[in-house]
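Engineer: Here's the letter readout for the chains.
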Amino acid sequence: MVIKNRMKICLIISASIMLIALVMTILGYGINFGIDFAGGLSIEYNMNSTFEQSDVETALRNQGITDYKVTTSGEEGSTLNIRIPKLNSDEEIQVLQAGIEEELLQKYPNMDTDNATASYVGPTAGATLIKNAILSVLIAAALMLIYIAIRFSLYSGMAAVIGLLHDVFIMLSFMVILRNIIQMNSSFIAAMLTIVGYSINNTIVIFDRIRENNSKPAYHSLPRDEIVNISISESLGRTVNTTLTTLVTIVSLYVLGVASIREFSLPIIIGILSGLYSANMINGYVWAFLEEHVKTRKKTVKKHK
Amino acid sequence: MKVNNRRQVKLARRTVSIIALCILLVVTVLAGYIGVNGMNLDSRGLYKLLPWIPKTNVTKETWPASIALGLDLQGGVFVEYEASMSDELKSEGYNFNTLLENTMDIIARRLSEKGFTEATVSKLGTSGIRVEIPEVTDPSAVLDLIGSPAKLEFLDYDGNVFLEGRYLKTATATEDENGDPAISFSLTSEGAEIFGDMTAKSIGKTITIQLDGVELMSPTVNSAIYGGNILVTGTFTEDQAETYALQLQSGSLPLDLRQDKLDTVSATLGDDALGSSVNAAIIGILLVMIIMVVRYRLSGVLADWALCIYIIILFLLIAIVPGIQLTLPGIAGIILGIGMAVDANVVIFERVKEEALAGRPIIHAVRVGFKNAMSAVVDANITTIIAAIVLLFFGTGSVQGFATTLLLSVIASMFTAIIITRFLLVNMTRIFKDPKLYTTSKKINVQVSVTAKEAK
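So the sequences go chain by chain: A and B.
Numbering-wise, the first sequence is residues 25 to 329 according to the numbering used here.
Numbering-wise, the second sequence is residues 568 to 1023 according to the numbering used here.
These are calculated hints, taken from the structure and not from any lab test.
Hints may contain errors.
Stated by the list, open to error - Quick list of in silico lysine to aspartate or glutamate cross-link-like pairs, EDC-like style, CA-CA up to 20 Å: (1) Lys627(B) with Asp138(A); (2) Lys155(A) with Glu782(B); (3) Lys240(A) with Glu921(B); (4) Lys938(B) with Glu236(A); (5) Lys110(A) with Glu782(B); (6) Lys718(B) with Glu782(B); (7) Lys938(B) with Asp138(A).
The shape of chain B in the complex, shown without the other chains (with noise of 0.2 Å):
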């Protein structure tokens, strides 16, 4: 009865392996083909999942929508600048981080209000800027845009131009009678005229001043105003206004930028090194999975079993942490990451390989082997973390891209060696308990035999 009992658990442990691996591989090939193919959540298909993971021979129009790509795959232009602040401002006593932040808004609004609505502004380093403009490839337009000098406009109630910029001998952030932040404008006598005049036939209306086509204020003209001193108070802040009198007084933006490095990536440079990459990535995985097959056989087929299901988890990762952009380097990350995880997989197998050959019966070297290997699975990865979060600290750029889909990498790699593997090696041995199967077969038979010898 005992024998028979413990025969039946057996049983039916092995049902429960094979549905736990036939579930997994129903949800396996449908993780992967949505992850191709997206799917439609509803029948109108208003609502979609759309795909993440790229296909062969990608261009940028069939790639997934879901990850964003840096500018070295989609083609544009890049700039970096180095910022400093005059002395004259220093011994005025600005702060640096404040203006570099005006600064860099002054320039994101620029870019977008000529269309350039999918350019970064972002901080680089501690005084850089880095403007990153995809999809365009002449450069000159663009740079002439972002270092222009402030426009001052002064418009009638037409909305004509009477006023601009160079009839400004100073202007000064302060504050009106109401302690409201304010700027104050100091015109030329030739402007003050101007604006005398206009101010004389306006009487009633209204006029509106502009900076950069941004409305700084539209008051109604209660009398002619002579002299050429205007206050302008409007819907701006405190800081803003110490902005606009800067960009006013210095022409263009608060801070001297001197342009550190500037690349244009043609559209079509991007799409081929897109397509080569992608392709290469996706040979190299089909021979890296032929190898694993070929040196340790059914271990291998749930080798490259684990590294699918890390493909789908590593490129979903990628799809939804936010802020990341796939470039050149990062997809050279993802395939190193590839290699890291086929080699944890290989290190465990090794060690499973090793039980096997002491004598153990499969079920207990995976067991055994799999503790063996974990110090050593943990203890590579979390140098590689270390390398990457360094990378990460200290790279700028494309080094960035980098450690980024590095270190995702590796976590995913380290989540599917421990579970998924373990959770694979563990119910396939409980179905197929030939040691032969697990590994070159030859080896393991003289070494069983050996050992057997040895204990005798």
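Bound-form chain A, shown alone (with noise of 0.2 Å):
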């Protein structure tokens, strides 16, 4: 009985974070999209010098743009980032960039030109790329439910794809939390995939443990969620070791890595994080739940027949 409550209270938790995503969403603080989902053209040049954000946003003014965002950035705050989420042309782009290198290369003559990196990516590009994402996420999540339900059971492949489905909700909710230290890039699909794979990891040793459990004879008359507790704690060591090894090379790679690196495995770590919290304390319980739920109403079914 402790233990059901235990999974209420972390169902509760897992919700919060979800509930709180979708109301900031609503209001109007969604999730902060980056060029690859938004559209648009990103600048990226290093001045060599300190500069006036205000002398970039007059140059592009007198280049017709109106709608920009010009962002500083670096150690010594010389990186100049322009991003201008409309454009209509693909030679607009040219004329732009050339209009603005002209005007700002009077002002600031240690200006690097030559090694700017300008991004631009069309306005339908991103509706590609969520369906994309979405349609791969569903076929990883059914093909394991598959894969599952042959190896161990339905009710297992159905508790683990909702597990799955939890940690990728959990990442989506951070990205809209963590709105103001992260963009969500193309990047993000392949750390969400990670996940998917990677989470399934700990869910499988840990199913693994209850099938093995279960088939025990001196196990037979325990209600299911308790074997789920013995197969959790029979697997603790070894799922806190390797969350603990994976999370030591992630985090050293957001530590060390540049910006599109931590763009990249900041979701992953709150993902495994999030895999961690549901193998142990969610999955097994679900599966416990339908095998003793939905297994009993079944029978019943029957035998009223």
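Bring the two chains, given one by one in their own frames, into a single complex with the hints.
Structural biologist: In structure tokens, the structure reads:
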């Protein structure tokens, strides 16, 4: 009984995280879409000196651009990033870039125009990306459901996939909650699929233990969630150690990596933690719940007939 | 005598194990050394094994040449186009896929002619084209080149251009009297006059007709040709004739291209990303190795050994499997793979520890523990392989790079966990039998005595 309450608490925690994200999205503070999803133009220059953002803004307005975002980054504040969400044609980019460079060079002669990093993403690319992302998660989930159903049981497969979707939603929720420090770009899709593949590992190791304990004669009289409890605590050493080792590598990547690597590793860190939590606190109990309630209900239905 | 025999067999086994482990150690160290430094196969250095494992503080210059780098690490430009067929062409019954192939050929040819020999042109999804040009940072020159109109030129016998594409009225693919593929040009009246005058001057000499710098044909002029209708046959196929004609008609490429995505990565940014992520990976691996030794003692040392072998195998796979470019997400895939390789070891060690705690002698504990761990290791890896394959099919560009390394990682990790770790553990436990060496010592003493009590 204690365990069931713990599962309820865990579900409440997960649900609240998702609810916060949902409310933020409704209020207009949703996921901070990067250029890959939102489209537009992004140019980054090394100015090799400090600069005034207002000068850049003036240069942009002189080119007839009114919708823009100018940010400063880098250790000495010498990196300039310009985002322009809407552009009509490809030719416009080249004209625009040349115009901005010409004007800024007059004031900042140290500006490095040869090593500019420019990205342009068309308006429809984002939609394709989202479609592919959803499709790939669903297909991966379906294939895993089939595999686990064959290797374990249908309920194990369902419980594992529920846990998997839980992790994906937690990752998405944190993309909303951490919108000030992280943008969503195409690498997020890779991060998401990584977690789909990785967090299932924890679940499988625990389910493997449950399968083994479930067939032990000594445990036959025990309720299912008690078996889940035993299995989880037996696997705990392994779960904690592997999560620790994976986290160590990915955190060092986050700490030492460049911006695009961080954009990729932070969602993975969140996903790994969420996977650790769902594998231990949710999935097993979902399986026990399905086994005990749905199976018994089926049996009683049959009896009534 | 019997007892003596058994002892001798055990001793012999022990010696075999020591020798086996020593051989593997030498192989590991040697493979690692060659992997990092490469090796000359003859004294003059003509035949060389290239290194395949990156070092610390790696830059593009010191990066092992056997592993191709993606644009995000090397610096360069990539463009993605969405191709579409005009209604006119559709009504004329052209095949979209053929035209797409032709368009890609033309782009590739134009790029390589201008010296961008490293450029790659690939198909993206069903109707997309992806162009990658490494080591170029000014996209405009390249984009102009890709989208530039086809250039038709008529050259006289001295190689001077006397007539250009702007005098062209129509161009259609057709056949000559022998049924060979041909292109029929119809010139404007002005063009017809120039052509007529030139042919009148060049009787008995050769003129050349070029498209985009490629010679279509060099006929010898027999008589002056006025009227502006020219039939050109040359060394081209029916398909090419169609493409050339379309190219000339439309001015540039057979299909309409819409630029969907453009990315430039400066060479310095690529270098930063490469160096920092490789260093991060090395630090991460060292930390993992320390954790493993702290948690699992001698087993941890064996896991670290297996991890070294895993890294040697993985990078070898990346180097020899054709078509792999290492990208930034690809490095992340490798790091994740390392996590999973360790995971398999941990699952195995925990099972072995359990059996040892239950009072089994360590050799048996290894055998039983392995058997119990195998299903979890295989199932966990197969689900990851499923995810990687899905990514491989649905991902584009950088995501695909990630999926490839992840897939190779999982394969290498399964191999090291099932073969190498087992080999190491089995042989090591024949040499050192004390279970305390393989796990945290206090617990095992307590547990063993508890099980002993229970047994009573």
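Engineer: Run the distance test for Lys110(A) versus Glu782(B): straight-line Cα separation, threshold 20 Å.
Structural biologist: At roughly 43 Å apart (the allowed maximum being 20 Å), Glu782(B) and Lys110(A) break the hint.
Engineer: Just to be careful, I want the Cα atoms of Lys627(B) and Asp138(A) compared with a cutoff of 20 Å; is the pair within it?
Structural biologist: Roughly 19 Å between the alpha carbons, so the hint for Lys627(B) and Asp138(A) holds.
Engineer: Is the hinted pair Lys155(A) and Glu782(B) satisfied, with a Cα-Cα distance of at most 20 Å?
Structural biologist: At roughly 45 Å apart (the allowed maximum being 20 Å), Glu782(B) and Lys155(A) break the hint.
Engineer: For the pair supplied as a hint, Lys240(A) and Glu921(B), is the alpha-carbon distance within the 20 Å limit?
Structural biologist: 16 Å, holds
Engineer: Mind checking the alpha carbons of Lys938(B) and Glu236(A) for me, to see if they're no more than 20 Å apart?
Structural biologist: 12 Å, holds
Engineer: Between Lys938(B) and Asp138(A), is the straight-line Cα distance small enough, at 20 Å or below?
Structural biologist: Judged against 20 Å, a Cα distance of about 60 Å means the pair is violated.
Engineer: Take the C-alpha atoms of Lys718(B) and Glu782(B), compute the straight-line distance between them, and say whether it is at most 20 Å.
Structural biologist: 11 Å, holds
When each numbered hint is compared with the structure, violations occur for hints 2, 5, 7.
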